[in-house]
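Chemist: Given next are the chains, with one letter for each unit.
Protein chains: 2
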Amino acid sequence: MSQRSRHQSTWNQGLDNMAAPSGNTRGVMERSIRDRAPPLLTDLYQFTMAYAYWRAGRHQEPAVFELFFRDNPFGGGFSLFAGLHDCLLFLRSFHFTDEDVEFLRSVLPPATDPDFFKFLRGLDCSGVTLRSVPEGTVVFARVPLMEVAGPLAVVQLLETSLLCLVNYASLVCSNAARFRLAAGPSRRLLEMGLRRAQGPDGGLTASRYTHIGGFDLTSNVQAGFLFGIPVAGTMAHSYVTSFTSLEEVWPQTLVALNGDPDPVDFISLTKGWLSRVCELLRAEPGKIREGELAGFLSYAITYPQNFLPVIDSYSVGCSGLLNFCAVALALCELGYRPVGVRLDSGDLCRQSVDVRRVFRLCREHFSTSAFDSLIIVGTNNISEQSMDELNKMENEIDVVGVGTHLVTCTKQPSLGCVYKLVEVRGRPRMKISEDPKKSTVPGRKSVYRLVDAEGHPFLDLVCLAVESPPVAGVSLSCYPLGSDDSPASVTPAQVACLRQEVFIKGQVTHPLCSAAETRAKVQSSLQTVHPRHKRLHEPDSYTVALSKKLHHLVTETQKGSSNSSNFLLAN
Amino acid sequence: MSQRSRHQSTWNQGLDNMAAPSGNTRGVMERSIRDRAPPLLTDLYQFTMAYAYWRAGRHQEPAVFELFFRDNPFGGGFSLFAGLHDCLLFLRSFHFTDEDVEFLRSVLPPATDPDFFKFLRGLDCSGVTLRSVPEGTVVFARVPLMEVAGPLAVVQLLETSLLCLVNYASLVCSNAARFRLAAGPSRRLLEMGLRRAQGPDGGLTASRYTHIGGFDLTSNVQAGFLFGIPVAGTMAHSYVTSFTSLEEVWPQTLVALNGDPDPVDFISLTKGWLSRVCELLRAEPGKIREGELAGFLSYAITYPQNFLPVIDSYSVGCSGLLNFCAVALALCELGYRPVGVRLDSGDLCRQSVDVRRVFRLCREHFSTSAFDSLIIVGTNNISEQSMDELNKMENEIDVVGVGTHLVTCTKQPSLGCVYKLVEVRGRPRMKISEDPKKSTVPGRKSVYRLVDAEGHPFLDLVCLAVESPPVAGVSLSCYPLGSDDSPASVTPAQVACLRQEVFIKGQVTHPLCSAAETRAKVQSSLQTVHPRHKRLHEPDSYTVALSKKLHHLVTETQKGSSNSSNFLLAN
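Taken in order, these protein sequences are the chains called A and B. Mapping of the first sequence onto full-length UniProt numbering: position 524 corresponds to residue 524, and the numbering continues sequentially without gaps. Mapping of the second sequence onto full-length UniProt numbering: position 359 corresponds to residue 359, and the numbering continues sequentially without gaps.
Simulated from the structure, these hints should not be mistaken for lab results. Please note: incorrect hints may appear among the correct ones.
If several chains are the same, the list does not tell them apart, and a pair holds so long as it fits within one copy or across any two.
[Claimed, not checked] Think about it this way: if two alpha-carbon atoms lie no more than 25 Å apart in a straight line, the pair counts; the simulated DSS-like pairs of lysine-lysine are: (1) Lys-287 / Lys-438; (2) Lys-287 / Lys-559; (3) Lys-534 / Lys-521; (4) Lys-431 / Lys-271; (5) Lys-287 / Lys-431; (6) Lys-437 / Lys-287; (7) Lys-287 / Lys-534; (8) Lys-559 / Lys-548; (9) Lys-118 / Lys-559; (10) Lys-118 / Lys-411; (11) Lys-505 / Lys-438; (12) Lys-392 / Lys-271.
If we strip away everything but chain A, and leave its shape as in the complex, we get (with noise of 0.2 Å):
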């Protein structure tokens, strides 16, 4: 009763009984991620590179990535950084079996040294190190996210799945972050794109981050099964369409909830309230559709407690909305409690006002109380902005479901963060771009996010790592990015490390976080935020900016390289 009570599906549920997931889960977890991402998973470039440096003798030379992303998704002012679950179980179980090798070995020139070959398959994370933003935390454009530090060789071919990794995990997160931004707080929302995700994985590590990002509720079954999320849902249209006639309902009883043993023949007791209904509402009993109200019959008594139909497979007003009320009364009557109903099609927020003013008459005409705690969802082709819409007009829908566009994020289907190498046996590694924008900054850094007096981060700063840390309280001068290169004075009422080492040498050194605690993060992290970057239109942008030494040492690598060596010439 208690594994029930756990997991039970409702509209209705709150989250702090959220479930999450069960002992033996984790370990499917893990190897559910050497199967979703096997260390061939991967492209080509990482093992030519990788042979490469290995043939030379500098595959142990140690070096420094970094991984962020150019620009803040969606035109918004910020992003949320996740995925960081999934590549620490990826770097914790990396290696490859002999069957890869052989793979590889297929793949490679024919000349490559055999103990290459040894070498991989010998290979694994265990000289590799993780300083990373912790997962659900809210971040902005151009600030390295996580630094993985280790054998050059072995850092170089993590990277095309640690991008793969955070890259949709953080975009469908953010995504989702934004929809609960345009919805309000108290609208509960529900996830629903399995179906036109990107494949099977893609519609599970959707439905777990857009729950992590602020939604309540998943379609997703198997999403339920992993990661605890609460799952929603009663019927589609064909389970109305399926039905015709009142002859196919059965049974055709229901024993009230009062104690009274003798079943009710609940299609005669629906019918006398479908009567009453239509009489209030001065509706025409003809165009009611029977396979409707069948259909809702044979639910309600499958599930008298959970009676939430879709009523728009004919006519709302005409047809679904009075076989909802009859049945729904038709319940009441015997001590059942309706849920409410879906609509799925047209005008959600003038229908939705509608259906409410009907369960308003009901409730008036029939005394029946439960009429007052009914659930209206909407579903019907909702984007950010319509959602943004629907917040600002008069509406009565309680629960939102959101498919295509929340998990293809049609807005920006990707996030582009990329894995940089900035150091090289201690050496700082730069590259200079045509394009500023593409030029990376160099070193093994720190990041520190500057808070003010109110609370809110308004800058975060990123120095190299041998720094000492800003200090509370007292000024000091920085190079905001993007800016025309002069420096800004700051004094931080607080100072916060924005990164912490959660992987050292082979071994998680930082509790795996559950969706339950990722999800709270992301909103404790989202409270913190000014308003004025959290705005879904034209955001101000959030201040990043390079410490004087950091600054300096782009400035000279840049002189440095620009000069260039005489190498040719001197030899």
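We have chain A; now place chain B onto it with these hints.
Modeler: Relative to the frame of chain A, chain B by itself:
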């Protein structure tokens, strides 16, 4: 060695020797579909409906669903149908484990009859029959692509999984086919979108179906392993920037191919060539990046037969191209054939023309015939539009790599296939929506493709299954969809039945096609389609029509439904 040559990756590899997945790969794929698409990876409402059908004793009623999409993707005139292979594996292995059933028990209401879970535990697809368009066929909006017939509860449970497996596969395959049309037949296309896909499986699915849609190569090693797709890739910018000086190059020698056993000092040899190249091109040696040359040298020594560096880490004209030519000329001197270069930023067309001019200059000046066959790879955020433009402008790009816009289908990131009930217990079912486009076409059907005298398909005819097929040379009357409901008369020169039975009563009855076979099918199917339907912009729309009898059924069902029943008044 045959194993090697089967898989060996090369930018120039012909497709005729493309590997089919090895025998044991098939088993891997079948296991993999159970991991990727377990039967719980579906929407909860499939289970709530299944229980309601079971409770009402309707679960065994014979039912028929159809899968189709309502609009051709990307504003185009056609789509490709893909995902069938995965659907067949999914159907074949469909069953619930004890663990699945226990989880469902915890999710469904406590009052759910325990016998229902026994029923689920014993469920499989032995009662299911699937008729489908062959994978890789050109298809059009509103044509029923798959017909899934079987016990009502079972075929209902399959909905989300089938949609999930077909939607993205067909979408990304169609996207790839459009890129192929934009690129022209001879340019080679490389898919490299793994890091931007919806997680690992999104990336793998993308690699597979873009190859089927017309791409030649993938960067994704796992896709090579599982599906035999030729893989390609050499180096990232990080490889180049990881070098700073020639001192890092090791080994520094290379043995000539001519049989001379004495290793040649490859650095000195290349330096000599670099001076001559600079002289020829009147380039400033002081601007040449030593680190870049070191990277190229080290790579060339490792891969003397596979030298294809990325040449824009610093400046193509001032450094990368000069370094490439020097190393390539040194390789030629030792009897090796350099492969080419990759450009990853800026104006690819203009740069490719410049690069080719330099190749020709070197070829003439230094008499190196190998420079005639150097290839230029372009990779820089290519979209369908930029591919189209590229194809129209002067350029020398031989291979184009496409990532983000290909795998995320930026122009339209979901296809929108739906799965609609059309028959129960032999009686047609129809969803009559206030939006006529959302109404369904009732009844079990056959679909014929009518072909004109030139061999071009010109009309897909949707008939009732019981009708006799159209006859070549005989005129017939039909009702084109989306027209003003007036009949049209057509005479086909040939008639083809569009769908075939591929899964009967639990058995796959049609050979599972390899990726290579389906890829060939795509091209042959596209070949037959008239260019006016294949135009990327504003194509002529292809006609899909209902037979007279089916049109009559639609009209009668609508009429019957608007008269509705008098069940309420009668009782």
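Chemist: If a hint holds in the structure, say so; if it does not, say that too.
Modeler: Hint check results:
In the homo-oligomer, the alpha carbons of Lys-287 and Lys-438 lie at most 25 Å apart only across protomers (20 Å), although the nearest pairing inside one protomer, at 64 Å, exceeds that limit. In the homo-oligomer, the alpha carbons of Lys-287 and Lys-559 lie at most 25 Å apart only across protomers (13 Å), although the nearest pairing inside one protomer, at 81 Å, exceeds that limit. In this assembly of identical chains, Lys-534 and Lys-521 lie within 25 Å of each other by CA distance solely inside one copy; the values are 16 Å within and 49 Å between copies. With identical chains, the CA atoms of Lys-431 and Lys-271 are at most 25 Å apart between copies only, with a shortest distance of 24 Å across copies and 75 Å within one.
Taking identical chains as interchangeable, the C-alpha atoms of Lys-287 and Lys-431 lie at most 25 Å apart only when they sit on different chains, with a minimum of 16 Å there against 70 Å within one chain. Proximity of Lys-437 and Lys-287 under a CA criterion of 25 Å is satisfied inter-copy only: 22 Å between copies versus 63 Å inside one chain copy. Taking the shortest alpha-carbon separations for Lys-287 and Lys-534, neither the intra-copy value of 48 Å nor the inter-copy value of 45 Å comes in at or below 25 Å. For a Cα distance limit of 25 Å, the shortest separation of Lys-559 from Lys-548 inside one copy, 16 Å, qualifies, whereas the shortest one across copies, 78 Å, does not.
Neither within a single protomer nor between protomers do Lys-118 and Lys-559 lie at most 25 Å apart by alpha-carbon distance, with minima of 42 Å and 74 Å respectively. Taking the shortest Cα distances, Lys-118 and Lys-411 never come within 25 Å of each other, neither inside one copy (46 Å) nor across copies (44 Å). Taking the closest pair of Cα atoms, Lys-505 and Lys-438 never come within 25 Å of each other, the shortest separation being 31 Å inside a single copy and 57 Å across copies. In this homomeric assembly, Lys-392 and Lys-271 never come within 25 Å of each other (Cα to Cα): the closest approach is 39 Å inside a single copy and 69 Å across copies.
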